[in-house]
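Asker: Single-letter residue listing:
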Amino acid sequence: MPEFASWLIFLLPLLSFVLIVGLRPFVGAEWRGAGVITIVSILAAFALALTALAATIGNDAHDLGYRPHDWLTIGPLVIRVGLVMDSLTAVMVVVVTGVSLLVQIYSTEYMRGDKGYVRYFAYMSLFTASMLGLVMASNLVFLYMFWELVGLSSYLLIGFWGQGKAAEEHPRAGDAAKKAFIVTRLGDVGFLAAIVWAYVATGTLEIAEIHAMVAAGAFAGVGVTWLALGIFAGAVGKSGQFPLHVWLPDAMEGPTPVSALIHAATMVAAGVFLVARLFPIFEASEGAMTTVAWIGGGTAIFAASMALVSNDIKRVLAYSTISQLGYMMLALGMGAVGPAIFHLVVHAFFKALLFMGAGSVHHTAHTYDMRFMGGLRRPMPWTFATMLVAGVALIGVFPLSGFWSKDSVLHAASINGLIGGAEALYWIAVLAAGLTGFYVFRMLFMTFAGEYRGGAEAEATAESGAAAGPPPRRRLHESPWIMVAPLAVLAVPVLFAGLADLPWDLFGFGAFAMTGFLTGHVETFSTSVAAVSSAAGALGIVVAYSMYVQGLLSPSVLGQRLRPLHTLLVNRYYLDHLYEGVVVRHVLIRVLGLTAEVIEGQFIERAVNGVALIGRNVGRIPVAMQNGQVQAYGAMISIGIVLILAGFWIWG
Amino acid sequence: MPLRDLYLLSPEISIVGVAFIIIMLDLWIERKGLLPILTIVLLGLPLGFTISLWGTEEQAFDGVLVVDTFSIFFKVLLIGVVTAVVIASQETAARFRRFQGEYYGLLLMATAGLMLMAATRELITIYLSLELSTLSAIALVAFFKDTRSTESGLKYLVLSGVSSAIMLYGMAMVLGVTGTSSLVEIAKAAPVSSLADNPALLLGVVFIVAGFGFKIASFPFQMWVPDVYQGAPTPVTAYLSVASKAAGFAVLLRVFYLAFGDFSSDWSMLFGVLAVISMSLGNFAAIFQTDIKRLLAYSTIAHAGYILIGLAAVASRVPGGEAFGPQGVLFYLTAYAFTNLGAFFVVIAIANKIGSETIDDFAGMSKRSPLLAGLLALCLVSLIGVPPAVGFWAKLYLFNAAVQADMVWLAIAGAINTAISAFYYLRVIKVMYLSPAPTEERVRLTPPIGLAVAMTTTGVLFFGIAPWFLLDFAIRATSGFPG
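Quick mapping for you: the protein sequence lines, in order, are chains A and B. So in our numbering the end of the first sequence lands on 652, straight run, no missing numbers. So in our numbering the end of the second sequence lands on 1483, straight run, no missing numbers.
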């Protein structure tokens, strides 16, 4: 595959962005062509991505081995630009373009009639191009540039409804966008510092060269640990890991397809990708590996626990995403790159499906609050069926894709004794699997089972506190085919993606084909690990069934009994309160705000006023000669010359 | 006088000729709108002569005139600048009832002076060409003939007179010590190896710096800049900020590398200190500006400081090595020409419509004219030095030259100043994008100024992505350095 074709994978969505922005002045704000341009360009990029994947599989080294190009040479300083196309990148470009393509198709219907239709697709194109740039960059500077561009498009899309008339319906969108931007920026400070440190320590920013130096032992010791931790800080922010996870649930204020693409399938996985891409650096430091594993494992159970009590369907999915990203980090910390990326890929499919399903539900019920849903199974058979498949895959039920990926992660946790407390982490991960079973089926039961509880109208009644009369009946309907079709298409890999990494050579791929392709070494499979995690998941499902269908155990009664725990979970461990109430409001606003006020008020304000005053006075005097300014300027020249001469006299 | 000598001087002769033609035509042509068009067409003549001379390495008139890649680089740059300024002047010039021909004629005369400055190796000629350009520029600054403009012209006249006098005094001293006005001969005749050993020569050198410091708007000769920039017609301001600066640096490079090359350790430190003071002064003062032209005026002082880094980084010219400093200066000047002209042209386009140059009146410009707001933002981003704009490479190149010359402190000072400058440039962008627009009225871009804006901003972006052509040009122009 010629290198230019690989470049096109990234350039096509970029071209789409430029084209839409360029055409914007000549078309209306709801011009449908924007969607068409986006879809066509991403479709072409997807086809090229598949070609690239095939070429990479066909290549013995699993790396097409593109050389970076010298962009600018300034003596010893050479700035290079290049892309990589190895197994990791090839898999990522296929996932990004594939999911993006389906999300764009879905969006043409979901966003129909929105005042920002053209703007929406411009942002989506920009995001897709940036994400592709991120996974293909061959050096840290460009990787960082796209990393920030991805953050920018995420910010723009979370706050998509934060301006103008739409802001009335989405009052929290603007704040959510800012929160996402600022919180992820905290992690990026570490990442940026790591890049600077990498250059100082190794003299290069080419990822391959840094890897070579680490592998050769030329760069080792505490320096590598700090480098790895700095990079991991960036990954923690982007991938919503504890303690920087708080932005991700709020990010659900954006349009639902955005949540599906950016905040579930691709961008949030960028942190996992980053650690995988720079894995040799992490591998060289036991401390860094332990940190990654514990942050990942901790986040997995921590986020899952918050998903147990949330009533907002998108927030349940958001916590689930954080939890699953924690699984991936856990696998990376255990040294299992292949399972981590395998889980990333599979998760991208079923989580994108679940989010788009939630959007489909919203299309009819006009609410995301599950307390006002229910009974949607019959009116929305396709949405129900596809979400059921995805939910079951998320829990990791045999033989769906999630079963194979989750078990490869758990297996890695069970066998790896390299880091401290691996045993404990394994059991934490198993417990999180049980919680997953519960919250997924709680969500499915509340949404699809039982009687319909009135949707947005009932929610409005409940909020206004009026007497709860019978809700006005509205015809509940399945979403249009153009929204359902992407769900059905995504259900296929959700069902069968596990085939790519079976423990047996069933279809001629070879055993563990995918993880082997990704890392070059073959995993193993343990029946006991699979049995334990499946039992945990099943137990979660049974508890959810008994509570939400059979009514054996009332959720409200249980909430009463375990009041302290329930309150803690509902309030998200008070972390948002801590950050916003204490850190932001008291520390930041008080201290910084006061400082800024003093500077602004006492210094800048006065200076600006002073300058303006002088300006006015000058204006009053018609001839400048009279105010002595020219003499002053002339004197300044003389003083300057004397100073220079004095300088020579003293130091010369 | 052999014919060959005339051919070598043809760029300057032809541009003066064009100036006369335009002034004469002004007497007969009723439709004054034709004048700028004719000027641009006729400018093809000096440009053609200049390009045809590319590759020659010759001297004429007993070594007074030098034709080499270095001088041709600057001539192409200057002709390019004046062409863009003429295009951008059309709307402004239409406001004068009389003397439109003189306006264009004076622009060309000033350019002829600057071109000659870049193409000589002789102190008297340097002085004469400097005066030719300065006197034309004074008339241009005062061209509006209103209070503001006249005041600016007068200030410019007096202060340039002061600096010229100091410079001439310096030249006289150098002439007295060495007995020659030729830069090459001065280098041979200089009696000592360190300036500190010969106070007369030191005084002469510092005085000469004063003259060019005035031209390039560097500390401590920068006081005139904000007042003159604000009062002058904006196209003239744009011209001064770019063309004067470029020619001033051309002469500085020639004089110091050629005549005083042996004392480089002395003046390297001098320029380094001036660089730091200029950029700090310019950047801090710019923070407090409320008028966009004054802001750009202080910004131009800061940029003079950045470019001086290239002069200070003389030690990077190790024997057999590359002249990173001079290369960086040429590269930066060109990048700055595109960027600053672009910024000024957008300001002209906006100010012509809204009748104000106050930054606060640019509020909500992103709604009133997304294109102009976007292009001004691009130019400001380039002035900060952020990729993918050309300003990024220019800064990188100069800072790298400082590092290569073991003057890391200079690069750090530059980087800190870049961060400070981001504050006021971004504030303009913030006003344009985040402040509510006072009216919904659209600001439209008219063709002549639109063409000028397009020319410059395309350069900012194109050379930002593909800096090689420009860099290659700059490297070739300094290949024979100090020639």
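The set of hints was computed from the structure by calculation and includes no laboratory data. Just so you know, not all the hints are guaranteed correct.
What the hints assert, rightly or not - For the chain B half of the interface with chain A, some residues (derived, Cβ under 7 Å), not all of them: (1) L1159; (2) V1162; (3) V1206; (4) A1210; (5) W1224; (6) Y1397; (7) N1400; (8) V1443; (9) F1462; (10) A1466; (11) P1467.
We put the CB at the ideal spot given by N, CA and C, even for glycine.
Asker: Hints numbered earlier in the text: which of these fail when held up against the supplied structure?
Answerer: 8, 9 and 10
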